[in-house]
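Novice: Per the numbering used here, the sequence shown starts with residue 1, numbered consecutively.
When the alpha-carbon atoms are kept at most 20 Å apart in a straight line, the in silico PhoX-like pairs for lysine-lysine are as follows:
#1 166 <-> 11
#2 13 <-> 77
#3 162 <-> 172
#4 36 <-> 52
#5 13 <-> 74
#6 173 <-> 11
#7 115 <-> 162
#8 123 <-> 110
#9 173 <-> 162
#10 172 <-> 123
#11 36 <-> 11
#12 123 <-> 74
#13 172 <-> 115
#14 173 <-> 74
#15 13 <-> 36
#16 33 <-> 52
#17 123 <-> 173
#18 11 <-> 77
#19 77 <-> 52
#20 11 <-> 52
Rather than coming from a laboratory, the hints here were simulated on the basis of the structure.
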Amino acid sequence: MFTGIIHEVGKVKEITRSTDFAQLEITCSQVLKDIKIGDSIAVNGVCLTATKVNTMSFDVDVMIKTLELTSLGKLSKNVSVNLELAMSASDRFGGHFVQGHVDAVAVITKTLVTKDWTQIQLKVLPDLLKYIVAQGSICLDGVSLTVGEVAQDLISVWLIPKTLEKTNLADKKIGDLLNVEVDLLAKHIERLMQNKSKDV
Numbered sequence: 001m002f003t004g005i006i007h008e009v010g011k012v013k014e015i016t017r018s019t020d021f022a023q024l025e026i027t028c029s030q031v032l033k034d035i036k037i038g039d040s041i042a043v044n045g046v047c048l049t050a051t052k053v054n055t056m057s058f059d060v061d062v063m064i065k066t067l068e069l070t071s072l073g074k075l076s077k078n079v080s081v082n083l084e085l086a087m088s089a090s091d092r093f094g095g096h097f098v099q100g101h102v103d104a105v106a107v108i109t110k111t112l113v114t115k116d117w118t119q120i121q122l123k124v125l126p127d128l129l130k131y132i133v134a135q136g137s138i139c140l141d142g143v144s145l146t147v148g149e150v151a152q153d154l155i156s157v158w159l160i161p162k163t164l165e166k167t168n169l170a171d172k173k174i175g176d177l178l179n180v181e182v183d184l185l186a187k188h189i190e191r192l193m194q195n196k197s198k199d200v
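Put together the whole structure using the sequences plus the hints.
Specialist: In structure tokens, the structure reads:
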């Protein structure tokens, strides 16, 4: 389980691809103090397992289905990635419930940068819209955010300077893909309502 509060922005040092998986080597500093082989870590919002850890970087394996369903299949060397270690029982809960199970990718259709905030607009799949509401929670590339607007198949979020400073979202531009995980609670409520309707 994660919270969508990014611990550090790392950088992809190496990508080794094969027919059914890819291995990523990611350089960082802060998360290396706590991560161990076998630990879960969210990379751009995707829950992965550390397979190797050294003093400068860690490795993760990404299976073919994950490469197909998320933006990780589009990664290249030297690209920045958001990193979050799985929360511990003693952690302060600062974001919202995030599983690291990406629902889909969304494409950035518009950005607007001002001195005080940055707006990012994304086009999302129609099947996800039922889980997204204005002022509700959403996770984009692993970052817990509040939805500002929903209009047809477009959603907008507003980012404060601190979010841009602490994540890789400042690097994003029109046409880029972001991993989307909708609110887990919304999906649970839908499931409960479906079961309730069957019992009537």
